[in-house]
Every structure is written in structure tokens, then in C-alpha cells.
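In order, the protein sequence lines correspond to chains A and B.
Heads up, the final residue of the first sequence is numbered 293 in our numbering, and it's a clean run with no missing numbers.
Heads up, the final residue of the second sequence is numbered 395 in our numbering, and it's a clean run with no missing numbers.
Misleading hints may appear alongside valid ones.
Calculated lysine-lysine pairs in the DSS-like style (CA-CA distance at most 25 Å, straight line) [unchecked claim]:
(1) A:Lys-200 to B:Lys-324
(2) B:Lys-307 to B:Lys-324
(3) A:Lys-206 to B:Lys-307
(4) A:Lys-211 to B:Lys-307
(5) A:Lys-180 to B:Lys-38
(6) A:Lys-206 to B:Lys-388
(7) B:Lys-38 to A:Lys-79
Quick caveat, the hints were computed from the structure, so don't treat them as lab data.
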Amino acid sequence: MKKPHFILLLLACCLSHSMLWAQGKGAKPKPYGNTATAKSSQWWIGVRGGMNVSSATARQSYSVFSYTRAADQGFDEKKYQAFTLPGLQFGFSVSYEFLTGLSANILPAYASYRFAYDNSFRWYDSSNPQINVATSYHVESRLQYIELPFTIKYELMRSKFKPYIQGGAYYGFLTDGLKKVTTTSIDQASGSDTEINETKLSVGIKDRTKKANYGLIGGAGFTYNIGNARLGLEVNYRYGLQNPDNGGMKYIDNQLVSGVYDIPDDYQLNHLELSLQVIIPLKFITSQDYVPL
Amino acid sequence: MKNSKISILHYLCSFLIASLLYGCSKEEDYQPESSFIKIFDDGSFESDYDPIDMVQAGENGFFILSAYDSWNTYILRVDEEGNFMWDFKLDDSYVNPIKGLYFQDSAFYFFCMDDVTLGTYLMKATDAGKNAVVDKSFGNILYPLHSSQVSDGFLLESYNRESYSTRLTKLDVGFDTRWSEEYKVEQDVEEPIISHLTRIGERLPFFTGQAGDKYFLNGYFNYSMSMIFVNGNDGSQTGVVNGFREKSAISAAQYLNGNSFALSRFSFDDNFIMAKIDINTSSIAISSDLAGGKHPEMTQNARVYIKSLDVNGRNISLYATSTKAGQILLYAFDALNGKLIGTHHIGRINPYEAVGFVQTADGGLLVLATTYVNGRFPRIALIKLSEKELIGFAS
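Bound-form chain A, shown alone (with noise of 0.2 Å):
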């Protein structure tokens, strides 16, 4: 088994263990000085959702060109632009509090992810190299997820507003993926130095990304009572385990491979994401049990 899929269910391990010892012995801990029952515990659900910015940062760049001449290697890098194109995720939330404070969280969403990165190429006579021609790709890519993660949240106080920080993993199902390409060129060859030729391309990527991605997740948030809800907002960081590029298809001939020369890089992306939410205590309203926490 790979490394990162054993990290992976450690954690998930980890996790239940966690989780059945504060089953267990929930009653024992005392973090705000109240003693936490079974009657104690709760159920929340509410809906949630945000904005995200992605990074992509390349582990292993690769190029259709091979340069022949030592002054052009590496003369095609992709430059990745970090945390610049806004996506949207918005779903659920479950959380079971086992404790007073400290909950298990699953938080099933759709996440539709954007990043870019430039490339450019050039040619020119060697004997003036005024005579050149230059052509640039803007490439941005969308990755669409239903994502399943899980975290424990801590809350750091009692009180109608409440700070919190959590940790976890999360586990994604693509559903699709597209990658724009706009091609710019500025042929001084032929007499012309400003840009011309602005063409699009758009092209799926779904078959050429892995079908699933998964990764840790950690941040920070607060919820403020209103009412019988809360009301939070919150700010998590994605650090993915996996590179999303199906390198079984990474060659496959296709537009993007022979027509704009762009072969995607092994690659990690994380994501910085920010979420409203509102969620209401499911026990309040199905349990006579229920002791306000």
C-alpha cells in the first residue's frame, strides 16, 4: 500500500479510537469544568458553504519539448499563479458532540476548485533575434469534488460566541474537470509587437485526473448562538496527500497534448477555504433528553 493511503487510515484509525474511548470514558475529562453525560451529548446539523483560492505546486515538471540547445533547457517552466482563482464549495454538517466542547465533525460537500499557471515559448533568428516569435498559455484548471471530510473540533470557550479549532482529513469523489487555455503570440517576425491571435480552448480533464483525492485539513472558526442555532464562520487550510494528475494519461494524445503543448506536472494542491454555516441541534428537537450543553 502506498504511503499516503496508510497515512490515511491511521488517521481514520486514530480517529475511532478517539471516538470510542470518549464514548466510553466520555464522562471522565473535564475541560470546562462540567462534567459531560450521556445525556450531555449532541446531535447538530445545519448547512454550510464558501469560497475557496487553490495552490498547485509542481513535484515533477514535465515538457513535449526537449531542447537541444543548453541556453533553452528549461525554458518552458510553468509558472503556478498561488491562491488567486476563487471556487465555491457548499454542503453539510453533521457533528456529534461527545463531549462538552469536543465534537466529531462530517462535513459532505460539493468543492469546485480553479488554478493557473503560465507558459510561454520562444524562437528567434540566432543572427538577430529581433526576428522572434513568442507564444504564451494561460492554462487554468477546474476540479469538481464531492468531498467527505472529518474532523474533531475543539471549542475553546463557553459562551454564546464560541472559538473553536479543528483538525481532520478529508476524502474527495471527482465529478468533473476542465482546463481552459488561452493562447496569446507576438510574432516581431512578421512586423507585429503587440499581441495577437488570442485563441481559447477548453478541454475535460476528467479522465486525466484521478478519480479521487483526499489530503489533511485543519483551521479555525467561531459560532454564536442565536437562538436555538449557532451561526459560524470558519477558515480551513487543505494540505492534499495526492497528486490529482492521472499519469496513466499524462502522453495521451489529445488538444492539449500535441495542439498547446501542455503536459500536466506531478502536482500537490492545497486549498485555503472560508465557510459560512448554520447549524441547529438535532436532540433539542427529537429528545426529552436533552440538557443544553
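Mind docking chain B on chain A? Use the hints.
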């Protein structure tokens, strides 16, 4: 209550494990040597490369022979992942590198021509020297046109401007001459041959090969481009498939068995494929009489390359050619019955032209091509299809 919680946890863990297995299934890490597209670029505006042939260097990559700037000679060495290792541009006096590239005893051999005497050189290139030097000189063999490997040596086709004849020379495995035979041309064809060699005019379908105990060559004979069949022992002519000047001729041939060949031909602007056709190699025939499927997608007088391959245990005839849409088109035919199995296109947006292909030691297919980078700069391209991709359309 506790049991139900444990049950939930079991479900959760099972779900996570199933998800991991789902995510890992049917996806492969990239194997750099199994599949790639590489374009060899020098970043130069004025460079013009026209690849000719390639050979696999055992398990140590590939060697590519190319013309540059008309008919000068250029050699390029790449590793098994298609990455540049070294290259060498030969002196301007060594021109007209021809198809036929051989790997023997860790050295690469090919033929080219002296630009003044028009005589033929056998060149030898090595990784140690990272260059090419003259190994043998054939001063009496003028205008080399094509070479190929046969069971016990090599064939070298040339044109003798002094006797107005197409010439076939049989070389042994050490590249020493066994015999040489000429086939009379009844008109002066030096001009179209020079246009062909310098790439200022129409490219002509010269080729040689072996058919059982006979050899064949495609070249000028009498008044046309013709496919000549000769005795393997002395080169005496046994049969011919006549064309019509340069307008109608056989464009590629691969011997199958018995009297069967996989052929392609052109007739004026039309191209035809005959994946399995019987030819009497001891008679006279006319190429335009040979039946075949018309392929309007192919370029005018298309350059076609045919080889017999074993793909997943199936014997196929693989054709590589170029289309009017600027793509490389591979046709896979069943060698037993000549029926089409599948096709595969290579190249999008920018033009790609087929130059040749070899089946690699790992069962994949390596296609040598000319591409026009950015739509305008002619460059050498290597396209490696994995065995899985090859089986996908050819088996």
C-alpha cells in the same frame, strides 16, 4: 447504545477503506518510458529539420537520423524516455542522409552522400564519440536513395547518372559489396531526383525490401516509378509493377508471405491501400490495375510506411501516413485477411507528418514524425504509444 456507536464506527471505517480502494483502482502512476510525446527544439527561427529514420539502441534509447536545412545531415540521440542526450550536425560535405539506420555492436550506421562527387558514405556514430565518422566509402555508388536490412545483409538503392540507371547493391553484414545490378531508365530523371533529395520538389517513394528469396526496389525504371522484383542471388530482374511517370506508383510495400504483400499506391491525386494483395513477382503488372480501397483523407501522393507487427499475439500490417488535416494516421490491418482492425490519429491543432515507426522492445510503438511547432517551425517529434495503447486499436 454503545453497540450502535461501534457499529457506526465500523461502517465509517469500512467506508473510508472502500473509498481509498476506489480512488486507487484503475489508475496508474506515469511510467516515463512507456508513453510520451517529445519535440526536439533548438529554439531557432531559421532551423528546418526533416527526420528520416530511427532505430532502437537496445534498452538504451533511440537514435534518430534527420536532414536539416535542405539535405544536410543531422543525428540525434535520445534516451528511452525520449529525452535529449546528444546531437551532431555533420559537415556540409556529407549530405543526403537516406532511410536505413542500423544498430550493430553499440554503433549506429547510416548512408549519406558526398556533395561534390555524389559518392556514397557509410557513416558510423557512437555514444563515446558523440559524432559520426566515415566508416566506408562507395565512390562508384552515386545518388544513394534508400537502404534496408535483409536476412543476410543490406540493400542499397541508388541512381547512376552516368548510365541512366537505377542501381541495387547487395551488401553483406559487414557492409562489403556482394553484387550490384542496374535497371535501365529511358529518360533523364536526375532533375526530379535532385529535387527529391534537396526537398525543393516532390518527394518520391524510393524503397527496398525482401520478399522470400527475392528482393524488391521502388525506383525509376524505363519511363516511370516502378516496383522491380529481382533475384536475391544476383539482382537479375524477375518482374515489375510499372507506374506512370511519377504520377502513379506504388508508395509503400511490406512482404507478407507467399505472393502476398501489404501495399499502398497513388494514382495522380488519389491514394489506395491494399492490405493483402497477391502479386506475381515474375511478371509485368501495372500499379493502377491493382485493386484497393481509396483513401481521400491521405495527403496527395502520401508518404506511407508499412510494417508487419505482432500485437498481443495477432499478426497485423500497420500503415502510417499523413492526412490532409495535418494528423498522423495509423491503420492496423489483419495480416491474414487484410481486414481493417482499427485506426489511431496522432496530432491536434499543429501539423504532424509520419516519417516512420518501430515496435519497441516493451511492446509499444514509437512513431517518428515531423511536426510544425507553433504551426510553422519544422521539428523532429517522437511519439511513443504504450503497449496498452497499441493493443487498444490494433488487436
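Hint by hint, here is what the structure shows:
{"no.": "1", "hint": "A:Lys-200 to B:Lys-324", "result": "24 Å, holds"}
{"no.": "2", "hint": "B:Lys-307 to B:Lys-324", "result": "22 Å, holds"}
{"no.": "3", "hint": "A:Lys-206 to B:Lys-307", "result": "35 Å, violated"}
{"no.": "4", "hint": "A:Lys-211 to B:Lys-307", "result": "38 Å, violated"}
{"no.": "5", "hint": "A:Lys-180 to B:Lys-38", "result": "23 Å, holds"}
{"no.": "6", "hint": "A:Lys-206 to B:Lys-388", "result": "20 Å, holds"}
{"no.": "7", "hint": "B:Lys-38 to A:Lys-79", "result": "21 Å, holds"}
In the structure shown, a violation is registered for the earlier hints numbered 3 and 4, in ascending order.
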